[in-house]
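Top to bottom, those sequences are chains X and G.
Each residue of the first sequence is one higher than the one before, starting from 897 at the first, in our numbering.
Each residue of the second sequence is one higher than the one before, starting from 897 at the first, in our numbering.
Heads up, a few of these hints could be off.
Since copy identity is lost for identical chains, a pair holds within one copy or between any two.
[Stated by the list, open to error] Computed list of lysine-lysine pairs in DSS-like fashion (alpha-carbon distance at most 30 Å, straight line):
hint : residue 1 : residue 2
1    : K1285     : K1057
2    : K1290     : K946
3    : K1076     : K986
4    : K937      : K1290
5    : K1057     : K937
6    : K1290     : K1169
7    : K1266     : K899
Derived by calculation from the structure, the hints in this document are not laboratory data.
Predicted model only: the values in this text are computed from it and were never measured.
Protein chains: 2
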Amino acid sequence: MKKEITAEIITIGDELLYGQVIDTNSAFMGQELGNIGIRIKQITSISDDKQAICQALTDAISRADVILITGGLGPTKDDLTKHTLAEYFKTELQLHQPSLDDVEAIFRRYNRPMLEINRQQAFLPASCTPVRNPLGTAPGMLFREQGTIIVSMPGVPFEMKRMMQDTVLPLLEQEFHLPKIIHKVVQTIGIGESFLAEIIADWEDNLPSHLKLAYLPHLAGVRLRLTGRATGSTDALEAEMQQQINQLSQLIAPHIFAHGEVTLEEAIGQLLKARNLTIATAESCTGGLIAHKLTSVPGSSAYFKGSVVAYSNDVKQAQLGVTPETLAQHGAVSEETVKQMAEGVRQLLQTDIGIATSGIAGPDGGTPEKPVGTIWIAYADAHQTIARKISYNKTRLLNIEYTTLQALNLVRQSLPVAVEE
Amino acid sequence: MKKEITAEIITIGDELLYGQVIDTNSAFMGQELGNIGIRIKQITSISDDKQAICQALTDAISRADVILITGGLGPTKDDLTKHTLAEYFKTELQLHQPSLDDVEAIFRRYNRPMLEINRQQAFLPASCTPVRNPLGTAPGMLFREQGTIIVSMPGVPFEMKRMMQDTVLPLLEQEFHLPKIIHKVVQTIGIGESFLAEIIADWEDNLPSHLKLAYLPHLAGVRLRLTGRATGSTDALEAEMQQQINQLSQLIAPHIFAHGEVTLEEAIGQLLKARNLTIATAESCTGGLIAHKLTSVPGSSAYFKGSVVAYSNDVKQAQLGVTPETLAQHGAVSEETVKQMAEGVRQLLQTDIGIATSGIAGPDGGTPEKPVGTIWIAYADAHQTIARKISYNKTRLLNIEYTTLQALNLVRQSLPVAVEE
């Protein structure tokens, strides 16, 4: 059998060692490398220190075929990576004109004056292959040493991600004869890991050994990922996996909001588009997060018209038409209020669907009858208004995020069936 | 001068290498170790593999005084850490009765039947000092080798944190004569790393060697962290650092939104509270994210009344009073529209301050005159309406987040000066 290609990741920066920044870069790189069939042996985080960088590099080169490095490429004094790499690979820095053009272009775009330290960023080790950084002023560098490919990228996540997608991953797939890996993802919401595991236990036990299932739990559900490695043709594997996914999907159909890497808000958007429906939100405790999620999807203006974030009771009354009686009798956190909010925003913004939230996100504001984590959500369309009570009390932010997911899930479950179905 | 105590962290588990779980444990351990004056040299993540564990351990023992290990202590087959450590330190597993009592107590509490694999968890290497795990079934283990202290803990974050606080940190403070570390943070916004570096270059160059400055850039600014180690009394260091911070603050005063670990939305909230002002937002391209940020702060209902997310032009007209003429002449993404939105939401929700955003977040919707990333933000109070144009085009989500930070910063810069100042 073919030799397995292995990789290591080195992240540089004291802020990582002391936990001021959580290292999400290596998680992203690990995912992407895994997706193209490269095995990750180690992730190493070290400080901006010449000796530490050289030692980590030497160790990694002795173990792996690919080494991805992030961090330490900024323009300031504490960024040592570039000079250390030049020294390590015994080469000089020289001006790389295309990189300088990129840097200048960025400063032109934001019409800011370019500083000497930024110009310095376009000087790269002579022996490296520069890796273009379309979103930032620090170019990446690719070196080859003892058959190992070493790529150094900035630590700014969105710059690194773009460079991985544009350059690094395509290059690795071209360079190495990688096994074909197929992932199939089933996205569920509203059911816990152990319940899910119980429902699909028999199916999971009968999976052939070359197919592996991973449970990836998140705030309100579980991402199920089936991974297969093609020994022969990928078509055969693809067909086999699709058949397994179909069986799985039948077992847990009501809990599935999407197949593949789709977010809940994207799935909702697709449903609304397909049914040609518009939506608006009336948010109290979620404070606009549902609107933000919906509008984070490109093209959402096709179905999202707007929202009223009604934090104060005046706004609930004046804008959403919640009656003083309802507020007086039942309070802002109640089935009655949240239903009037959902119906009110639907009327106000003239949409097919209105959703609403009202609850106590905490840490303060709880009472014996309505403790922190008491939350009502509602859905309203032309035919029905549905309310649901949630009891969830972690941190304020988690309560808000959990409520947002539950509200979007309520839309998914309550949408009128489209004519064409 | 006294020898500096150094530590390394080893986290074990494939889910970390492939980014299915983001390693927040090492961030926590790094913070805690840093706070008691231990220098962290390296964080290493490896898979549940005997050889990898032994190699990482040997390397770390050769470099550090303290090694903290998490992961691989679960009851299942793929958890190898305990057996590997027993082998590495040439010792046998033996029953540790107090640990068995703890495990049994936990199963009694949830009245679940205890399985043999759980009983096995109470068998520990004879040469280790067991570390109590009050919240879980996997005890920790402490070993001493060549003057290095090695502690192995479970990977479950809340179990590990409790063991750190109850046992590991007190033990380290007792064992070593540790220096006192002081951190001081200055939060800036609206200025890039390189511009900041240029302004403070002289100040930075003149810092005494026992004070270190770190640049921690984020989307719209930079967190500056000054770290000092007390050789003598902490009062002297505290005073010296405060003086340095005062000098620094004078150099970059207009860019500072807070001292210490405070978010921009928390800082805005404090300003509004101190001035007894209320705020509302009218959001087009930010789609509710400003409202979400403001309401993510506990107690924000004291100053935040609500928002109108006006995604469609109907909503801009009907709710916010943007005139059809303005939309016809200047379009939705214009100084005129965003000013009317800010003034409109202020009127509608009866607040002291209104802020508004309108722009093209992308990826679609751009035109030659108004390309993607063309964004207008506005601030309105009883005395003035201020608009500002932003040109920023990364990804849709980054454009939205960047605009949100700029809008909050516009509030900070435009707020009427409080009477008491």
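We went through each hint and held it up to the structure:
no., hint, verdict
1, K1285 to K1057, "between (39 Å within a copy, 28 Å between copies)"
2, K1290 to K946, "neither (42 Å within a copy, 32 Å between copies)"
3, K1076 to K986, "neither (37 Å within a copy, 40 Å between copies)"
4, K937 to K1290, "neither (34 Å within a copy, 32 Å between copies)"
5, K1057 to K937, "both (20 Å within a copy, 26 Å between copies)"
6, K1290 to K1169, "between (34 Å within a copy, 26 Å between copies)"
7, K1266 to K899, "neither (60 Å within a copy, 52 Å between copies)"
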